[in-house]
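S.K.: Here are the chains, one letter per residue:
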Amino acid sequence: MDILISMIPATLLVAAPIIVAALGGMICERSGIVNIALEGIMLVGAFAGATACYFLESHAVLGPYAGWISLVIGIIAGILFSLLLAVSTINFKADHTIAGTAINLLSVGLSVYMCQIIFGQQRSQSFMTGLNKMKDVPIFGDLFANIYPTIFIALILVVASYYVVFKTGFGLRLRSCGENPQASASMGINVYKTRYMGVLLSGGFAGLAGAMMVLTNGVQFTATSIHGVGFIAIAAVIFGKWNPFGILGAGIFFGLSSAIGIYASMIPVLNLLPPEFFACIPYVLTIVALVLFSNKTVGPKAAGQIYDVGQR
Amino acid sequence: MKINKRLVVSLISIALGILVGVLILAISGKDVVALFNGLLKGSIGYDIVNGGINLRYFGEFLVSAMPIILTGLAVGFAYRCGMFNIGCEGQVIMGSLASCMVAILVPMPNIVAPIVCILAGGFAGAMWAFVPGILKAKFNISEVVTGIMLNYTALYGANYFLKALPGSTTQRTVEIAANATLGNDFFKAMTNNSRLHFGFIVVIIAVFAYWFIMEKTTFGYSLRATGFNKNAAEYAGIKVNKNIVISIMISGFLAGLAGAIILQGTFGYGRMMVAPENYGFDGIAVALVGGCNAIGTLFAGLLFALLKVTQPLLQTSGIPREIGDIISSSIVFFVAIQYVIEKALLKYKSYKGGKS
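Respectively, the protein sequence lines represent chains A and B. All you need for the working numbering is the position in the first sequence, starting with 1, plus 21. All you need for the working numbering is the position in the second sequence, starting with 1, plus 21.
Isolated chain A (complex conformation) (with noise of 0.2 Å):
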């Protein structure tokens, strides 16, 4: 049992970028662009928050709330950079895999590149603390103690997100330039600019979760912060059914399988598996949802497609 209690700050440590990056890549997909790239913008913000942080955190005024800062800066270096997944498939018409894929490689590039600039290194120099543990807010008290705030702007997104997608004009919009584009247009909506809102918010979102990601796991931004995060996260985007509530879920069960696959040899039975085992499972299971839900349409029907106005 304490096993189990002691799992639980591991698996929402874990769980919390996942959810953000997979609400990003969901909204993304609604609007019909399919982000591959979430790994990539995760990176970015990873540099950018890591960054910050480090200098903040020294300045006199601001260093007590650098961490939070820098989840901002994180979000704001996301959008820029998904700026460039949004021009390329949008406006020019590229394939949304080719483009996303580049942006990836480029990520790597140019944030371990920055780091030179700036740090002189491959890497950014490490932070002090980054984001704090939820044992200084007063009216918790031991219960939250090593948990991260992060969990909860992911909770708090996921239901903002599933009110903007499913309960408000913007996000019927939304949904419609995912589904039919064409349709939409014809009823007055502006694909592109639908489209636009879709892919920097999930730039905004994947920023973020990229931030988060370095300012609780690490003590500095390296070309592994995110080590498969962002693939993971469009696992849940699916396993989750493109809803935010099934992103949580499968976002905390892929924390969960994570988590176990520490504290495996501590548990019997458990121990018997090898940790690579608990590795593979969101990868595993995603494949076995997908062949599942195939007989039934859950996804987005135009996501991946090329918007081309005259198509009928």
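The set of hints was computed from the structure by calculation and includes no laboratory data. What you are looking at is a predicted structure, and each value in this text was computed from that prediction instead of being measured. One should not assume that every hint holds.
What the hints assert, rightly or not - Calculated cross-link-like contacts (lysine-lysine; reagent style PhoX-like; alpha-carbon spacing at most 25 Å):
no.	chain 1	residue 1	chain 2	residue 2
1	B	26	B	237
2	A	114	B	251
3	B	373	B	26
4	A	322	A	214
5	A	114	A	322
6	B	251	B	237
7	A	114	B	370
8	B	260	B	159
9	B	159	B	263
10	B	370	B	26
11	B	368	A	114
12	B	159	A	322
13	B	159	B	251
14	B	26	B	364
15	B	26	B	368
16	A	114	A	214
17	A	262	A	322
18	B	263	B	251
19	B	364	A	114
20	B	237	B	263
21	A	214	B	364
22	B	237	B	260
23	B	251	A	322
24	A	188	A	262
25	A	114	B	26
26	A	188	A	322
27	A	262	B	159
Take the given structure of chain A and dock chain B to it, following the hints.
M.R.: For chain B alone, kept in the frame of chain A given last:
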């Protein structure tokens, strides 16, 4: 005509990519000339600044070109049939794993050993690619998502099996049997102790086979027809679903070969990896820039390998090595937005035509 247009787009993308690199270097106040000196030294080993030729660089350049030409062919083969094999990465890993296991566990006579191990790698890659292929054919599931998931499954799964091999540490396996390696003392002597190995024979055969199957056989024609228009191909009596599975399996076979020659030639032992090494993603870049044809892919592979091997040289001459990554990824980005390049070309042509 069509190939010409592709070639022009690729060349413009390469030029623009290098331009981006030069601009970034210039903005950050680095020495641009050192970049070109590095590229020259990385390719043929000639150093303008200090003079002298070191063929070791040339050897290493070929060593790093071989696997990415193969993964380029792999991605291209599936792409011609309308499949985007982003799962190449995983197929390379599985190819390495299979070749490593066979080389360590099965003692074999001299000439047979390297060939069997290479083929084992190829088959493992093909089997790994079978999964996205069959899921696409049977359930219409995107091969992109399956491929990405299988990449990481392969990464972690392979580590488990490599660790389980006799004598493995947590970092690497034991050296594979000497007669299964592709290394060669003659090459070593010729190129000042580079790791140049017999893998290039595999690459040459693969390039030729790719060209022959794609351009000269009915099978290749039916693959291309499937890629151009699935419905029309189906209507013409081509078994589209069968083609999808076979094309991605051949693609996986090529990727598996890449994995095998990396293991048997470049390293000679299996390595546990913490992150993907991007052979598969480099393959995507190579295939796209090479226009998915055999010769184009060969040259694109050489170009990307050059940008890769130049990186340490750049670092020692005071330029951040990541400029190589930035250039190569920018090139892919420009190929991705070729719609704009084509449009600009058309405008330029009509402008010139209107003038005369």
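S.K.: Compare the structure with each hint and give your call.
M.R.: Hints versus structure:
| no. | hint | result |
| --- | --- | --- |
| 1 | 26/B with 237/B | holds, 22 Å |
| 2 | 114/A with 251/B | holds, 21 Å |
| 3 | 373/B with 26/B | holds, 17 Å |
| 4 | 322/A with 214/A | holds, 19 Å |
| 5 | 114/A with 322/A | holds, 18 Å |
| 6 | 251/B with 237/B | holds, 21 Å |
| 7 | 114/A with 370/B | holds, 21 Å |
| 8 | 260/B with 159/B | holds, 13 Å |
| 9 | 159/B with 263/B | holds, 10 Å |
| 10 | 370/B with 26/B | holds, 13 Å |
| 11 | 368/B with 114/A | holds, 18 Å |
| 12 | 159/B with 322/A | holds, 19 Å |
| 13 | 159/B with 251/B | holds, 15 Å |
| 14 | 26/B with 364/B | holds, 12 Å |
| 15 | 26/B with 368/B | holds, 14 Å |
| 16 | 114/A with 214/A | holds, 15 Å |
| 17 | 262/A with 322/A | holds, 13 Å |
| 18 | 263/B with 251/B | holds, 12 Å |
| 19 | 364/B with 114/A | holds, 12 Å |
| 20 | 237/B with 263/B | holds, 20 Å |
| 21 | 214/A with 364/B | holds, 22 Å |
| 22 | 237/B with 260/B | holds, 19 Å |
| 23 | 251/B with 322/A | holds, 18 Å |
| 24 | 188/A with 262/A | holds, 18 Å |
| 25 | 114/A with 26/B | holds, 18 Å |
| 26 | 188/A with 322/A | holds, 20 Å |
| 27 | 262/A with 159/B | holds, 20 Å |
The structure meets every hint from the earlier list without exception.
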